[in-house]
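> Here is what each chain is made of, one letter per residue.
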Amino acid sequence: MSEAFRPTDLHELLTVMRELTEGELDARVSTHTPTGSSDPLHPMRVMLNALAQQLQDAVLRCAQHEATVRKLEQAQRQLLCTAKLASLGELAAGVAHELNQPLQIVGLSVDEVRDALERADHATATEYLQTIEDQVTRGAGVVDRLLALSRHDGESTRTQTSLDKVITGTVSIWGAPLAALGIDLSTDLAIGLGDVVGDSQELLQVITNLVANARDALEGQPTRRICLRTTAELSHACIEVIDTGSGIAPDDLPRVFDPFFTTKGPGKGPGKDPGKGPGEWPGRGTGLGLSVSHGIVRRHGGTIEVFSELNHGTRVRITLPFAEAP
Amino acid sequence: MRVMVVDDEPVLATLLARFARGGGFEVTVAHNGLEAWELFRGEPEVWDLIITDIRMPGLDGVSLAERVRADRDDLPVVLISGHGQWPDVEALSPAVFLAKPFRRAQLLEAMEASTAAA
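Going down the list, the protein sequences come from chains A and B. According to the working numbering, the residues represented by the first sequence are 1 to 326, in order. According to the working numbering, the residues represented by the second sequence are 1001 to 1118, in order.
Derived from the structure by calculation, the hints contain no laboratory data. In this text, a Cβ means the ideal position worked out from N, Cα and C, and glycines have one as well. Fair warning: there could be bad hints in the mix.
What the hints assert, rightly or not - Heads up, incomplete: computed chain A residues facing chain B, CB under 8 angstroms, no partners named:
no. : residue
1   : N100
2   : Q101
3   : G107
4   : D111
5   : V113
6   : T131
What the hints assert, rightly or not - Here are a few chain A residues that sit away from chain B, every Cβ distance over 10 angstroms (derived from the structure):
no. : residue
7   : Q56
8   : R61
9   : E112
10  : Q135
11  : A140
12  : T159
13  : S186
14  : G220
15  : L234
16  : H236
17  : E240
18  : D258
19  : L310
Input sequences plus hints: build the corresponding full structure.
Written out as C-alpha cells, the structure reads:
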C-alpha cells in the first residue's frame, strides 16, 4: 500500500482549480478510490469539491439577488413615474383653476364693456376695462409663479451670502405687518455663522414665504409667535422658521411640497404680500409657495423639511452647505 | 324669480349677480358655502335657483347643493367648475354643470336648462 501520490493526481487537482478560477463552477475532481488502493489526496479532493460547491451556490444566490434588486429598481421607477403623473395631474388641475378664474372674469367683463359702450356709458366701460387689466395681471402672476417652478440653475446669481442678512431682510419686511396682527416675530441667531453660496434674493424669497405661511397658520390662535433661528452644523448652516400656529394635519404633511397643494383654499391669488393694510389678514394661498421654496433650496444643494403638530405649531427646517473657506 | 349666486371670488360674484339682475331676477349674493347655507336655511321656500361655484373653502358647492337638495329636491342648481371635473353625485341630478370660463350665453342656457330639468 503506497502512501505516495502520483504527479497526475496533483495535475488533476490543479486543472480543476484553474477551471474554477476561470468560472467553470461545475468542475469537480474525482473522489473515487479503487478498491484495495489508498489515496493520500482523498481528503483534499473532498474538500476541494465542497469548496467548489459552496462557490457555485454563492454565485447562484448572488445572481438571484441581483435579479431581485433589478426587479425592485424597476418597480420603484414605475412608482416614481406614477407619483409624478399624479403630481402632474394635480398641477394641471391647479393651473386650470388659477387661470380660469381671471379668464372667467375677463370674459364676463368684456360683455359688460360692450353693453356699456352701446349705451355710451364710458364710465362703466372704463371701470370694467380696469377689471380686465387687473385680471390679466393676475393671470400673468400665475404664469410667473409657474415658471419659477421650472427655473434653471443658470439664471440665479450665486455669491457668498450671509444668512444673517437674509434673516434681517425678512424681519425688516415682516416686522411691522406682523406686529399689526399681534404676532411676535423674534430671532435666535447663531454667533459667527459662516456664509453659504447662494442667491440672496432667492433665499430671501424662501424665508419671507415661510414667514407668510407661519402668519397664515397663526390666524385665530391665542398665542401668536414666530421665531427665526439659525444654527451651525458640521458642514451645513441650518435655518428654522418656527410658529405656534394651527399646524398641519398628518395626512396633509406629505403633500405640502406638491405644486398647488394648499390647505388655505386656492382661488384668491397670493396672500404673500406683507404690504397689505395694517392688521389685515391675507387672502388665501396659491399652493405654490412651498413647492417654489423647495425648488430653490434644492438648487442650492440644501434640504427643506417640515415638522408639524396639529394645534401646536410648525417648524420648517432648511439646511444649506457652508461656502468653502476662502 | 329669486336667485342665489354663491362664489368666493367677489369680482366674479358681482359680475354674475349683475348679469342675473339684468335678466330680471332678484339676486342675493353669498361669498361662501356656509353663508349660502345660512341664507337658504333661513327661508328655504323663497329660492327659485342657486348658481354656485364648486371650489370654495369650508362648505364647497357640491356639499351645499347636496344639503339644499335634501331639503328641497325641486330647486334648480347650476354648479360651476374651474377645472372641468364633475362630481358623480346621484343626489345632485338634475343639477346643471357649467365649466369656466363661460360666456353669458352659456350661463343663460345653463340657468334655463336647470329650471327646465328640476
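> Taking C-beta pairs only, is A/Q135 more than 10 angstroms away from all of chain B?
With a cut-off of 10 angstroms, A/Q135 comes too close to chain B, as the shortest Cβ separation is near 8 angstroms.
> Are all beta-carbon distances from A/E240 to chain B longer than 10 angstroms?
holds, 29 angstroms
> With chain B as the partner, please determine if A/N100 meets the hint condition of a C-beta pair closer than 8 angstroms.
holds, 4 angstroms
> Is the Cβ of A/R61 more than 10 angstroms away from each Cβ in chain B?
holds, 51 angstroms
> Closest CB-CB distance from A/Q56 to chain B, is it above 10 angstroms?
Holds, since 59 angstroms exceeds 10 angstroms.
> According to the definition I'm using, a residue is off the interface if its beta carbon is farther than 10 angstroms from all beta carbons of the partner; does A/D258 meet that for chain B?
holds, 15 angstroms
> Confirm or reject: A/T159 is not an interface residue toward chain B, with every Cβ-Cβ distance exceeding 10 angstroms.
holds, 41 angstroms
> Please settle this one: A/E112 was flagged as non-interface, so is its CB more than 10 angstroms from every CB on chain B?
violated, 7 angstroms
> May I ask you to check that A/L310 keeps its beta-carbon over 10 angstroms from the closest beta-carbon of chain B?
holds, 18 angstroms
> Non-interface claim for A/A140: all C-beta distances to chain B beyond 10 angstroms?
Holds, because the least Cβ-Cβ distance between A/A140 and chain B comes to about 16 angstroms, which exceeds 10 angstroms.
> Hey, is A/S186 genuinely clear of chain B, shortest beta carbon separation above 10 angstroms?
Check passes; 30 angstroms lies beyond 10 angstroms.
> Quick check on the hint: A/G107 CB to chain B CB, less than 8 angstroms?
holds, 5 angstroms
The structure does not agree with the numbered hints 5, 9, 10 stated previously, though it agrees with the rest.
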